[in-house]
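**Student:** Below are the chains, spelled out letter by letter.
There are 2 protein chains.
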Amino acid sequence: MKVLVIGAVAAGLTAAYSIKKNNPEAKITIYEKGKDISYGACGFPYYIEGLIEEERKLIAKTSERVKEDGLRLLLAHEVVDVDFDKKELTVKNHKTQEIFVDAYDELVLGVGASALRLPAFQKMKGVFALNNLADANAIKNYIEEMKPQKAVIVGGGNKGIELLETLTLLAIDTQVIEFMPHILSIYDEDVSSLLVRELRGEGHKINTGEKVLDAKANEKGFVEKVITDQGIYEADLVLETIGLRPNTAFLEGKGLDMERGAIKTTLYGETNLPHVYAAGDCALIYDHLMEKPVYLPLGTNANKVGKLIGLAMAGKKPPFKGVQGSALLKVFEYEMAMTGITDKEAKRLGKDYDSVLVRTRNKSGYYPGGSEFFVKLTYEKHTGVVLGAQVFGKEGAGLRIQGLVASVYAGLTIEDLAYMDFGYIPPLNSVWDSINVAAGKAVAQNALSTEDI
Amino acid sequence: MKVLVIGAVAAGLTAAYSIKKNNPEAKITIYEKGKDISYGACGFPYYIEGLIEEERKLIAKTSERVKEDGLRLLLAHEVVDVDFDKKELTVKNHKTQEIFVDAYDELVLGVGASALRLPAFQKMKGVFALNNLADANAIKNYIEEMKPQKAVIVGGGNKGIELLETLTLLAIDTQVIEFMPHILSIYDEDVSSLLVRELRGEGHKINTGEKVLDAKANEKGFVEKVITDQGIYEADLVLETIGLRPNTAFLEGKGLDMERGAIKTTLYGETNLPHVYAAGDCALIYDHLMEKPVYLPLGTNANKVGKLIGLAMAGKKPPFKGVQGSALLKVFEYEMAMTGITDKEAKRLGKDYDSVLVRTRNKSGYYPGGSEFFVKLTYEKHTGVVLGAQVFGKEGAGLRIQGLVASVYAGLTIEDLAYMDFGYIPPLNSVWDSINVAAGKAVAQNALSTEDI
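From first to last, the protein sequence lines stand for chains A and B.
Each residue of the first sequence is one higher than the one before, counting from 565 in my numbering.
Each residue of the second sequence is one higher than the one before, counting from 565 in my numbering.
These are calculated hints, taken from the structure and not from any lab test.
Take these hints with a grain of salt, some might be off.
Identical copies look the same in the list; a pair holds intra-copy or inter-copy alike.
For lysine to aspartate or glutamate, the following DMTMM-like pairs were computed, each having C-alpha atoms within a straight-line distance of at most 25 Å [claimed, not checked]:
hint	residue 1	residue 2
1	Lys927	Asp600
2	Lys856	Asp800
3	Lys880	Asp918
4	Lys585	Glu979
Using the sequences and the hints, build the whole thing.
**Tutor:** Here's what the structure looks like:
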């Protein structure tokens, strides 16, 4: 069996290893158009900050290691065309400019995505996206060499807010500008506003509902000003974090099912075409609460489906019901997390839902050093099933989502959570754990709201 | 409806409030033999240490507050006899020595438990159990006044190990002596030994398999030496934490079902006698994994059943399937937690089980400042259902049990956990969360072990 894999970052490389493990006889070639492989993109903010000192720490597997492990890896090799009928790729070797054709029995598309860019900043120096290791190094080098004083981050999603921390810790005066009415729009506003209130209270500059219109460069071509519909901002560094577009242009019009550029797949990474698999930032992934494939370009998802592709190709399909939009965020001392669906998604999906947002403490009330810990539960009214959860607080808050991840996965109800046996010790929680408290409030609220029925 | 409640700490007081809430017309009288009510016993170690400075912080509700809330509370009133047929209590007022009879429609037994004591230390000064607020104050005062230098803690359960921290932080040279072959025997030894190794490595003195035989006092009656089957220990302070015995002697032989002194109850605190409820340290509680009532004298359990009694008395029985032996421990910088059943319990119950214990990290491998984080999963071989889990590590480790609590509650399998969508951010976990990793190893191990079948 001859397997070709396009892309050697999270999805492609994980798939290649999983195929090898489950099909030791498979001949696997990986084509990677860049020079870097297997990097942990989620670590970029800490690498730019200098907290992670060496680039090599971000690399899970080196090219040498991959080759030692029996995988044929070709860097600077771009796949420029695919013929799904003939099962052939057209590959360009960027070192020699040679173009050649290679045939496959099985194909894995792990082609990733590219950062969306605003036309306003085109070809301007000092303006970066953060999509790959080369970008991370470019930003890091620019900051070290040019010592920028004022930055604008365009886009207030997870990546933008993480980079607000990074630049602030590097003593760069930073302005976040978000086009939408709220930052971190995957969360409900009542939850994201808890973080925004803290950040603004500490002097961080976060503008929402503001649109970047234009930018000005100095005579050397370096960005100097960012012009929005509400003001002009001086900036000698601009980071664009406004979203991703799958690198699938070369695959269009060839019979591969896609939705807004992202490849449609089954739970196991199978596409609509036989012998063609896809995973990672170029593909949709099934969300078992949304009950449809969604675009969630995250490292966790790339790794999971990458591994499942290797199993599926060997005829093994372990029970997997999809993902559920879980996300973790840490910015300065704050932690925020979510799983399942939010109120606004429940509304969009036409669910008969309600929710509670409770303020509790992260330690027993009498134990010193505690802080506020917020839990929001979104539940289905007639069944009490917990559809989603969001949490916010300081140290330790983020991972408190894990009990809710498993609960949402299992379809547990607010009644289940109200009495769940979480254990107790004063330095870590309360005798009624915060999740018990939130669920108990939801039970009481739901009883009231359904009394009239 | 006239309700009598015996005991005003966790179970009794929670029940009284829950009855009042669900039956506003109920006339409720609470008899409490001591002078203290509603104290958080789990906070005693931190109160003795001085971290919690004021006694009042440990009191959730004062006597005044309870009375304001419409509950009749009588302190120093000991119930000395019960006639379940006549539905009458005989009560002794310890202030006036008066004895009187009071009748009930409904009775709640929240009589608690007393510390087991060794005969060796009888009537010796400087020797304490830690069972109630008076004990906590006695220990605190003794340490402040007598300034003991060397302590022996008899019993290496959760309380004994928490007190090892307390006394160590008070600069008292402390020796733990445990009769059983291992401390923290609710955990499997491969997990508890992770903590023991760290504690011993830091110079803490923990002896196991050692039996206290005798003790010697000085001429003033203060403890001076503890004599075991293996040595003689100088000590001017001894804490006994060897277990509890329900305060149910006065209830024996009256038709109330008990098991080794603990009252048998339903999920909602109902006893075998009509109109008689029990909860807290005097009662058993149903464990849905052990599939039987067990003795787990914990504040969480007292509060849960206390609340459920109030609902059940009003004819409401919310879905509740019992507890699952969850426990949290924090000692110095270490955190340990468990839920469900351990290997040794699975063996005792005759389960077809296996387990994995994995060493992971609490942060992404490339993120600085991480530490080791251990996850043990015990699962049923033929179904893959996770029966129990144990975790050990440093900061944040303990609450990582919460995802496993919900998983065990819901009967999820190792396959479910292997791909569960926990979210990811480098400072908090890894792209494959530690729980994914442990479950993935269990899946691989289980596939191998069932291949021959």
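**Student:** Could you tell me which of the numbered hints above are not met by this structure, giving the numbers in increasing order?
**Tutor:** Failing hint: just 2.
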